[in-house]
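Novice: Here are the chains, one letter per residue:
There are 2 protein chains.
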Amino acid sequence: MTGEDAAEHAAKMARIKAARERMMAQRQDEKGLVIVHTGSGKGKSSAGFGMIFRAIAHGMRCAVVQFIKGARDTGERRLIEAHFPHLCRFHTMGEGFTWETQDKARDIAAARAGWDKAKGLIRDPALRMVLLDEINIALRYDYLDIAEVLAFLRDEKPPMTHVVLTGRNAKPELIDFADLVTEMTLVKHPFRSGIKAQAGVEF
Amino acid sequence: MTGEDAAEHAAKMARIKAARERMMAQRQDEKGLVIVHTGSGKGKSSAGFGMIFRAIAHGMRCAVVQFIKGARDTGERRLIEAHFPHLCRFHTMGEGFTWETQDKARDIAAARAGWDKAKGLIRDPALRMVLLDEINIALRYDYLDIAEVLAFLRDEKPPMTHVVLTGRNAKPELIDFADLVTEMTLVKHPFRSGIKAQAGVEF
Numbered sequence: 001m002t003g004e005d006a007a008e009h010a011a012k013m014a015r016i017k018a019a020r021e022r023m024m025a026q027r028q029d030e031k032g033l034v035i036v037h038t039g040s041g042k043g044k045s046s047a048g049f050g051m052i053f054r055a056i057a058h059g060m061r062c063a064v065v066q067f068i069k070g071a072r073d074t075g076e077r078r079l080i081e082a083h084f085p086h087l088c089r090f091h092t093m094g095e096g097f098t099w100e101t102q103d104k105a106r107d108i109a110a111a112r113a114g115w116d117k118a119k120g121l122i123r124d125p126a127l128r129m130v131l132l133d134e135i136n137i138a139l140r141y142d143y144l145d146i147a148e149v150l151a152f153l154r155d156e157k158p159p160m161t162h163v164v165l166t167g168r169n170a171k172p173e174l175i176d177f178a179d180l181v182t183e184m185t186l187v188k189h190p191f192r193s194g195i196k197a198q199a200g201v202e203f
Numbered sequence: 001m002t003g004e005d006a007a008e009h010a011a012k013m014a015r016i017k018a019a020r021e022r023m024m025a026q027r028q029d030e031k032g033l034v035i036v037h038t039g040s041g042k043g044k045s046s047a048g049f050g051m052i053f054r055a056i057a058h059g060m061r062c063a064v065v066q067f068i069k070g071a072r073d074t075g076e077r078r079l080i081e082a083h084f085p086h087l088c089r090f091h092t093m094g095e096g097f098t099w100e101t102q103d104k105a106r107d108i109a110a111a112r113a114g115w116d117k118a119k120g121l122i123r124d125p126a127l128r129m130v131l132l133d134e135i136n137i138a139l140r141y142d143y144l145d146i147a148e149v150l151a152f153l154r155d156e157k158p159p160m161t162h163v164v165l166t167g168r169n170a171k172p173e174l175i176d177f178a179d180l181v182t183e184m185t186l187v188k189h190p191f192r193s194g195i196k197a198q199a200g201v202e203f
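Chains as they are written, first to last, in the numbering used here: chain A, 1 to 203; chain B, 1 to 203.
Hints were generated in silico from the structure; no laboratory data involved. Where hints are given, some of them may not hold.
[Said to hold, decoys possible] In silico SDA-like links for lysine to any residue, alpha-carbon gap of 25 angstroms or less: (1) Lys157(A) / Gln198(B); (2) Lys188(A) / Arg112(B); (3) Lys17(B) / Arg168(A); (4) Lys12(A) / Lys171(B); (5) Lys188(B) / Asp155(A); (6) Lys31(A) / Ala199(B); (7) Lys117(A) / Leu87(A); (8) Lys188(B) / Leu87(A); (9) Lys31(B) / Leu174(B); (10) Lys188(A) / Asp145(B); (11) Lys17(A) / Leu174(B); (12) Lys157(A) / Ala199(B); (13) Lys104(A) / Arg168(B).
[Stated by the list, open to error] Estimated spans, in silico, between C-beta atoms of each pair: (14) Arg123(B) / Phe152(A): 49 to 55 angstroms; (15) Arg123(B) / Arg154(A): 33 to 39 angstroms; (16) Asn169(B) / Glu148(A): 38 to 44 angstroms; (17) Lys17(A) / Lys12(B): 42 to 48 angstroms; (18) Ala14(A) / Asp145(B): 23 to 29 angstroms; (19) His189(A) / Pro85(B): 32 to 38 angstroms; (20) Gly120(B) / Pro125(A): 43 to 49 angstroms; (21) Lys17(A) / Ser40(B): 16 to 22 angstroms; (22) Ala105(A) / Met160(B): 41 to 47 angstroms.
Keep in mind that this is a model prediction, so the values were computed, not measured. Yeah, the Cβ is synthetic: ideal placement off N, Cα and C, and Gly gets one too.
All chains should be modelled from the sequences, with the hints used to inform the complete structure.
Specialist: Here it is, written out as structure tokens:
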């Protein structure tokens, strides 16, 4: 790199830095967010659990409700219960994917029980983050009423609590309501080349 | 739900279950994957760290190289070093975002040092997963040579090791080469409504 290149680069980076600092200075508010991870790609739940571990790293109290038992291995649950039981509560509801159970009435009852548990956790202002893992599947099949869930988040969520909702096919009403929405898009998947689900990757 | 509805539902779910079982039976191979999280949305690094915590939960040895210091808070690092130093090694390279340093030569040197460290970790067959956090930024600016990185992954990565590469603007050559690629797409972001970066969400 010539001296001129380096000077040009430094000037460009200084402009980016100044613009970034102006932008950050305009952001003053802090509030608990409603965060959605949706889409057919991978990483929706992994990113949710990544946020939970980051909350734990900050010493923030938090909780997880898994709406679909069997959707994930129990690895995260074991790790959290073994190392961080004082910071993170963990509840697994449901009986497995709907195509495993073939019993709609039981799935509905499990979803409702999960939501009742979730409401109690979200109402507790000591908890700073609550992950509702795979709740979008229960909402999509109308096992839970989307209007009821949104009214609860609007009226009863403490202002500083973050609630993270994951699962594909998030309802449009939830996307409208949320503060932060990320869609995980599948670009390429090894299942298509005959590779099976593996520890550490899929579960 | 009437009895007929329930019977119809059960039959439909049984068909889905049978199709799923046929599909899973065709997937026999297990191998270490090259996994990319890219896109301008959130969750790329969080999902990477979620995978690292899941690997830890399975007792799999793993490692993290952070290519951009200051891109993230040190929360995950503190948590891993305090609780799981026997399972996960952690290295932070670099001096911060390029617009913070304004020194291209130093950034290049930091990226190269990070890649040298990464190569040593990936070569160690005892490690089952290596996260190269934000390496895509170093590749995008050609601080690292994409051809060299791909040749190394092809020729020297042990067959069972998963390597996860994160960061926006993944190079097309990397996407072509990878086994599993997810694009995190920004649907909605609270910065746009004046909300500042917050602990547990952004860092």
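Novice: Each hint should be assessed against the structure and marked as holding or not.
Specialist: Now the hints, each set against the structure:
no.: 1; hint: Lys157(A) / Gln198(B); result: holds, 18 angstroms
no.: 2; hint: Lys188(A) / Arg112(B); result: violated, 28 angstroms
no.: 3; hint: Lys17(B) / Arg168(A); result: holds, 19 angstroms
no.: 4; hint: Lys12(A) / Lys171(B); result: holds, 22 angstroms
no.: 5; hint: Lys188(B) / Asp155(A); result: holds, 22 angstroms
no.: 6; hint: Lys31(A) / Ala199(B); result: holds, 11 angstroms
no.: 7; hint: Lys117(A) / Leu87(A); result: holds, 17 angstroms
no.: 8; hint: Lys188(B) / Leu87(A); result: violated, 29 angstroms
no.: 9; hint: Lys31(B) / Leu174(B); result: holds, 18 angstroms
no.: 10; hint: Lys188(A) / Asp145(B); result: holds, 23 angstroms
no.: 11; hint: Lys17(A) / Leu174(B); result: violated, 28 angstroms
no.: 12; hint: Lys157(A) / Ala199(B); result: holds, 18 angstroms
no.: 13; hint: Lys104(A) / Arg168(B); result: violated, 41 angstroms
no.: 14; hint: Arg123(B) / Phe152(A): 49 to 55 angstroms; result: holds, 51 angstroms
no.: 15; hint: Arg123(B) / Arg154(A): 33 to 39 angstroms; result: violated, 53 angstroms
no.: 16; hint: Asn169(B) / Glu148(A): 38 to 44 angstroms; result: holds, 41 angstroms
no.: 17; hint: Lys17(A) / Lys12(B): 42 to 48 angstroms; result: violated, 56 angstroms
no.: 18; hint: Ala14(A) / Asp145(B): 23 to 29 angstroms; result: holds, 27 angstroms
no.: 19; hint: His189(A) / Pro85(B): 32 to 38 angstroms; result: holds, 33 angstroms
no.: 20; hint: Gly120(B) / Pro125(A): 43 to 49 angstroms; result: holds, 47 angstroms
no.: 21; hint: Lys17(A) / Ser40(B): 16 to 22 angstroms; result: holds, 20 angstroms
no.: 22; hint: Ala105(A) / Met160(B): 41 to 47 angstroms; result: holds, 43 angstroms
Hint compliance for this structure: hints 2, 8, 11, 13, 15, 17 are broken, all remaining hints hold.
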